[in-house]
Amino acid sequence: MDRRRRLRASVLLVLAVGLVALSGCGPSESLNAVTKQGHKISDLWYISFILTAIVLAIIFGVLIYAMIKFHGSHQPSTRVGNTRLEIIWTVIPAALVTFLFIMSVRTMLAVDETHPDAIVIDVTGNQWWWDYTYPSLGVTTAYELHVPVGKPVQLKVTGGDVIHSYWVPKLGWKMDTIPNKVNTMNLTATRAGTFDGACAEFCGTQHAGMRMRVVAQPPDEFDAWVKQQQQDASALPATSLERNGRATFLSQTCAICHTVNGTSAQGKVGPDLTHIGSRSTIGSGEVLNTPANLEAWIRDPASIKPGVLMPGYDKLSDQQIKALVAYLEGLK
Amino acid sequence: MASVASGRSGEKPYSVRAPDWFYDWVATVDHKKIGILYLVTTGIFFLIGGIEAMLMRIQLAQPNMKFLSPEAYNAVFTMHGTTMVFLVVMPLLLGFANYFVPLQIGARDMAFPRLNALSYWLLLFGGLLLYFSFVAGSVPDIGWFAYAPLTERPYAMSNAVDYWTVGLLVTGFGTIATGVNLIVTVVKLRAPGMTPRRIPVFTWMSVINSLIIIGAIPSLTAAQIMLLFDRQFNTAFFDASRGGSAVLWQHLFWFFGHPEVYIMVLPAFGMLSEIIPVFARKPIFGYSFLVASGAAIAFLSFLVWAHHMFTTGLGTWGNAFFGAASMLIAIPTGVKIFNWLGTIWGGQIHFTTAMKFCLAFLALFTMGGVTGVQFAMFPLDWQVTDSYYIVAHFHYVLFGGSFFAVMGAIYYWFPKIAGKLLDERLGTWNFWTLFVGFNLTFFPMHILGLMGMPRRVYTYQDKPGWGDINLLETFGTGIMAISVLILLWNIVASLMHGRDAGDNPWDAWTLEWATTSPPPEYNFARTPVVGSARPLYDVETRNWDLFPPEETHQAHAAGMFVSRMPTPQLGVLVFISSEVVFFGGLLSAYIDYHAKSNHPGPHELDVLRTGIFSIALFASSGTLYIAERHLGKRDNAGFRRWMLITIALGAIFIAGQIWEYATLAGEGTTLSVNLFTSTFFTLTGFHGFHVIVGLCALAVVTWLSFTGDVTHERDVPIRSVAVYWHFVDAVWVVLFSTIYLWTALF
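Protein chains in written order, with numbering that gives the first Met the number 0: chain C, 0 to 331; chain P, 0 to 745.
Please keep in mind that the hints were generated in silico from the structure rather than gathered at the bench.
For glycine and all other residues, C-beta sits at the position ideal for the given N, C-alpha and C.
One or more of the hints may lead you astray.
[Claimed, not checked] From the structure, some residues in chain C lie toward chain P, with a derived Cβ separation under 7 angstroms:
(1) S27
(2) I53
(3) A56
(4) T106
(5) I162
(6) M174
(7) T289
[To be verified] Dumping the calculated DSS-like pairs for lysine-lysine here, alpha-carbon to alpha-carbon at most 27 angstroms:
(8) C:K267 <-> C:K331
(9) C:K180 <-> C:K150
(10) C:K180 <-> P:K595
(11) P:K462 <-> P:K65
(12) C:K155 <-> C:K68
(13) P:K595 <-> C:K155
(14) P:K595 <-> C:K35
[As the list claims (entries may be wrong)] Over 12 angstroms on every C-beta distance to chain C, these chain P residues come out as not near it, computed from the model:
(15) G136
(16) F232
(17) F337
(18) M376
(19) V483
(20) P565
(21) A650
(22) E659
(23) E666
(24) H689
(25) L740
Just need the whole structure built from these sequences, with the hints factored in.
Next comes the structure, spelled out in structure tokens:
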């Protein structure tokens, strides 16, 4: 081996090692599922990964060996084929994919297994936020999906306008939310935690900003959350500032798009705000839910999330906006 | 030629005339010049698509970048995908086929040289129309897949979607015409002695590729027509709020879109099968298996489209069927890889630049292939699809695969096209920069995908590791850009002062190397005759006489499988196969939708009246047959009489259709009322349009009979038109049964 070739080989080696090392780093969200169904899918992934690695090693090995061995002035053979070899390299891959197919079907059947007692949650994708309704519990919320650990849940996902796709990698899989079609996702969370995701089907300007969060809670915490969410906001405004905020909310165009249960605001175009104060972020995970951020959002949402469909309300007086923010943050 | 006389008499007329070279290229019907036009045009579009890719990579280099607005990013990724698929890879491969298929089969040109020129100009102007959207200020931003209903008026108000639709419709017509042309060329124009088993593998793959084009592109055409009608005529095909199906678009799109993947990769397989044997100094290993596996892939490619739709909820059986069919494709693809390995095994490998690209293809394409199997495993697809994992997968297939093969083909065939060799030293730099840059860009995407990064996002939040990996990818893109510059430099330097290539610089064995570099306009002064798949090897080793006297050609024609059908008739026959798919696309929409609308619905059609007019159309096939019989008996008067009767019957049918439309319109039933009317008018309207085109063709043929240009001896025009007319009748049998009889009976 001359120097140049050695240099080239070492560059390639560094590159290869670097890339492989890279694949080790970083927690692979997709392969560390927190649901029963997701575990099955990541198990399948590891099976396919091992087989894939073996196949790649064989093919790369033969290729590299041939490149070294048959390089140079060696007299070429004149063989034009070998039927036995053709049969072998048809049958072995056929057997491999048959195995992978059977494993895939088994995984699918396990994942699609429905549970009669599952809590049904309707999930609707809208440009560019997620709407959740728990019909049996009378709860409607947005962005944050709360599920109890260890209890089966069934998401019925659909599209409110265009096609979106509900993908929280830690849940283990995704489903498209399509207008005029309802898809189901069965999930049983295996541990508590907060898991983030984002829309996976291109859906327009703010596809990238259409995030969601799943909060898996122990059953008692979940029940407490449900109780809180079931309350309407009729009792709420405690302070005069908040009362002014409510008046502003109802007199401006807010109520055309948003719902606050217990008031006359019953709009269905934007997210339900009955418990906005209890959510961790605004703008579907764009910024943290703080009074300052909420004020900036109300003044000019597009400055935070370009392309968002909500118009800005910079025309309101500082007084009105302060009242509005106080009212909304109070909706716990 | 436009020479314009000046206004005042007596003065010397001046002439406005472009230089000769301009006419030479614009008016050319030479397959080689058209091939070069394809290569240059797609080369320029490649640079544009590459710049779009660079813009995306700059925006994604770090989290929360503001280099591009979301609108700009969405436009750029849409145009990158659309450009690379429709204006680069597919026409680039067709450009190579244009140049080399006639040479490889020892022909002087394509079967239809003027149609060939039309195909190219449709590509160019379709591409320019698409890019005019930049000038007009509304660039398509709906993804290359244009999923409805995001493409419908309420969500896409500007004309961006229309530029996308019409631009691609135009290029699609050209592509279908090229497919017809290549098939007929190889069926009709092979050199004496070129039996199916002696056809070079690149030519074989181009033919199989053309069959896929014929079967797949019309599905996109049908879908785009529906989308265009939705947007321009307010039909309801994909309008979710009126019951239209978003999933139907996906079925029609992917029925085109998956075969399209093979349209972009089969010719690349062919290139590899030409280059690897030459530089391994060995005949290709397992020729029949290579060709047969190509055919198997083509067949399977039409059964797997919905594997792009596993997350749309196909149901248990849908998942299982499309998953199984998709996994099956791994088998013939594996056969190809193993046969290429078999070819280099025991060979004498020469590491030319062309060979390096082909060997790299073997590794990179295999990588893309194994992740492809993972996507066929539907539960895995549910997790990793639409993440960066799939971006990695298809770039390994289309860039590491197809484009590396194209790079090999450039280094292999450029000397034939230009008569000059490319520099091998620059070639080595070109190869290594592209190989390293490619892997740095696309390998980490596997990891990013598994880390949960969705594709088609204009930015991302700062999560651990995401920024670093993305920065590495952007760095890799920069290396690839340098590589492209090296290629351009190499081409320019070679054209200016490259070494002369000679006829056959690689000591290769197929017919394109049996003529000068570049070949003369007529390719071969005398028709070559072949006795094996490697005619030039025969010349070298067993004194094969490549250009024997013409009298001996007949003796070599045994077992050739050359169709006796006249060339134009064969062309029409291949063309109407594509029409079958087009009507199939529209009909599938009708079948899906007709029952979803009650009023107006199919039961309100006047079955009896349309039935009577249909009899006129059905009868016209009989009268046309009688007309042909009269021509066969040299009875020209009888021929014309029956032709006129045929035309009259066709006209009666059209009159009936106009009456039907007028009645329906009178009741307020028009195209845009509901799903039923959308599908009904589109389907029957396109059929009516076909009848009118057929009537015009029949009228022309009848006229040619009067002028003595269609006679017993010169019957090709009527035979070709007759095939078309019977087809139009047959379509109506299907449509009448589905639309009218079905409703009347059930």
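Run through the hints listed earlier and report the numbers of any the structure violates, in increasing order.
Checked against the structure, the hints that fail are numbers 2, 3, 7, 12, 14, 17 and 18, while the rest are satisfied.
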